[in-house]
Amino acid sequence: MTGFGGFLLRRTIGTLATLLAISVIVYVVFYVTPGNVAQITCGPRCSPEQVHQVALQLHLDDPLYVRYWHFLQGLVVGQDYSTGTSVEHCSAPCLGLSYQTDQQVLGIILTRLPVSLSLVFGAMVLWLVLGVGTGVLSAWRRGRLTERVLTALTLAGWATPVFVIGLVLMIVVCGELQLLPFPQYVKLTDDPEQWAWNLLLPWLSLALIEAASFARLTRASMLETLAEDHIRTFRAYGVGEGAIVGRHALRGALAPVIALNANNFGSAVGGAVLTETLFGLPGLGQELVHAVSVVDLPVVVGMVLVIGFFVVLANAVADVLYAVADRRVVLT
Amino acid sequence: MSEALVATQAPEAPASGASGARQFWRRLRAQRAATVAAGIVALLVLVALAAPLLTALEGQDPTTYHPSLIDSARGGVPIGSLGGLSGDHWLGVEPQTGRDLFARLVYGARVSLGVAFAATVIQVLLGLAVGVAAALGGGWIDQLLSRITDIFVALPLMIMALALLAIVPQSFPRPVLVTLVIGFIAWGNIAKIVRAQTLTLKGLDYVAAARLSGWGAWHIARRELLPGLAAPVITYASILIPVNISAEAALSFLGVGVKPPTPSWGQMLTAADVWYQAAPQYLLLPAGALFVTVLAMTVLGDGVRTALDPRAASRLGVGAGRGRVARTAKEESA
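In the order they appear, the protein sequences are chains A and B. The numbers in the first sequence follow the numbering used here, run straight up by one, and end at 332. The numbers in the second sequence follow the numbering used here, run straight up by one, and end at 334.
Same shape as in the complex, but just chain A:
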C-alpha cells in the first residue's frame, strides 16, 4: 500500500507489535523473579500451608506461558478472579488484581492517571515554550551577551538532575522564602486555581530540565536553517530580521523539535516519577515506587505496560506529525 493511508496503517501495526513484544518482555522478566512472591504477599508470619494456598490462588504454580496467556485473555475479553469468598469480574481490558489489596490494577492506574497527566502535560507546555523560546532567542542574538547567558543557563539546566532542581526549588520557595505552601495535589475539577498553584513547582522542576534539550536543539536547528539559501533570498528581498527568525527559520526548525518531544517523552515520564515522589503527588510514579517496594507484581507489570503504551504512542504520533511537518520525509 502506498500514500499516507498506508503509512498510517503500517505505523499502527508496528506500534501494536511493539506493545505486544514489550508486554512479553515485561511479563517474562518480572515473573521469573528470584524472590518468593507468595511468601512476600502472604506476609512473614504465614505458615508453609498458607503460603501454598496463596500460590494456588495467585496461580503462581502454573507454567509461565499459561499465565501469560491468561493475562492476554484478561486484556482482550476480561477475566474472573476468585478472591476466596467471592468471584470478582474484571472486565476487559483487565490488567489483573493487586496481590496486596485485591483491587483491579486498571482501576488503581485510572485513579492515579489524572495526576500524572496533569504533571506531564502541564510541564510539556512549559518546556516547549521555555525551550523553543530560549533557542529562538539565542539563535537570534547569536554572538551577543544574551546568547552567552542563555547558553550558560541552558547548560546548567541540562546538567542538573530533575530531583536536585525539585529539591532546591522546594526548599528555597516553600521552606525558606515561604512563597508557596508545600505542594498538595488538588483535582482540576475541584479547584482549577489551586490545582495550578500546587503543580507550579513540580511543573517547573520537570520543565526546566527538558527545556534545556529543546533550547539546544532549537538553537542548532535554527542556525542551520538561517544559513540556507532561501533565507538569504528573504534577506535580499528586504524581509525584516525578526520576521525571518520568528517565522521562516522557526518553521524549518519545528520538525526536529516535534521529533525530540516524542523522543524525550520517555525520559520525561521517568522524571515525572521522581517529581511525584519528591513532592508527594499521588500519581502513577508514586504508586509504582510503592508497588515496587512491596513486590506487588500485577501492579508493577500493569504500570510499566501502561507507561510503555504512552511512550510508544508518543513516538508513533511524532512520526506522523514529523511526516506532516516536513514534506521531505519519505514515508516508509
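Hints may contain errors.
[As the list claims (entries may be wrong)] Derived coverage of chain A by chain B (criterion: at least 3 residues anywhere in the stretch with Cβ under 8 Å from a Cβ of chain B; other residues may be distant):
| id | region |
| --- | --- |
| 1 | 9-22 |
| 2 | 145-158 |
| 3 | 165-178 |
| 4 | 261-270 |
| 5 | 287-294 |
| 6 | 299-307 |
Since the hints were derived computationally from the structure, they do not count as laboratory data. All residues carry an ideal CB built from backbone N, CA and C; glycine is no exception.
With chain A's structure known, arrange chain B on it following the hints.
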C-alpha cells in the same frame, strides 16, 4: 530516536589511527570550555581513584558509625554547629548515623563515576554488536535486530530500572546491579547509530575491496569498519556518561539503587529536605558534586563532538581561541 536526528551527526572517519588521535587532541584543546571540563573530569577521576588515600589522610572511613557525635534527644542531629564540622570530620557527619560526610562524598565519586563508565561500556559494546550485526547481516537478521532495538528504544529507562532493581534479591551487590540494569536497558539509540553508520561504510570502496579479497565478515567488521565507527560511537558515548550519572543518582535517591552502607550522591540527597535545616551541606555537597560532575562531563562531551565533527572542526581552525570562533560565526550570519 528519529533517523533524521541521528544522521545529522555522523562524522567521517579520521584519516588514520595515530595522526587521527593527535588531531583529535589538538581540536579538543582548541576549545577552552572543553579543556577546563577535561581538567575537572580528570580531577574527579583522581578523587575517585584516591578515595582510600584521601580518607586515610582525614583519618576516617565512610561506614563507621559515630553515635557519640549525634544528639539522639534531638532526633539525631549532629552535636555542634554546621553538622559537627571539626578537624576530625572535615565536612561534618551524617545525621542519625554520624558517618563521616567527607569520606562518604569522595567514596560517592567512586560509585557515581564507576557505575556510569561501566554502564556506558556495556551500552557501547551491546550497541556495536547489535548495530554491526544488523547492518552486515541484512535481510531477516536486520529486520529482527532492528525491531528488538526499537523495543529497547521505547522502554523508559527509569521505569524499567525502578521495577527491575526492586525484584532482584538484596544480597546482589547493588552498584554492579545498577550498572547492569542501566547498561542492558539503554543501548538502543547507540545500536541505531552504529547500524546507520555501518550501512554507509559498507557501501564504500575500501570495504568492498576487502570483501572481494576474500576476508571474512569478522575481519571486515574488526579491521575495516571499527575505525570508521569510532567517531560516532565516541561522540555518543560521551553524551551517555552524564546521562548515566544522573540515572544512578536518581535511582539511589528513590532508594532502589545503591543502598547504605555503600555511599552514593543520589542516596545522600534522599533525606536532604529533612536535614538541610540542621546544616546546609546535607543538600549542598551531594547536589553540588552531582551538578559539577554532570556539567563537566556534558561540556567535555560537547567538546569531543566538535573535535570529531569535520564540519565543526574546520570552522574551529586548529589553535583558534573562542574569539575566532565567535567572529567566524558572526561573519557567516552577516
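Margin query: Let me make sure I understand: some of the numbered hints might not hold for this structure. Which ones are they, in numerical order?
Written below: Violated hints: none at all, because every hint is consistent with the structure.
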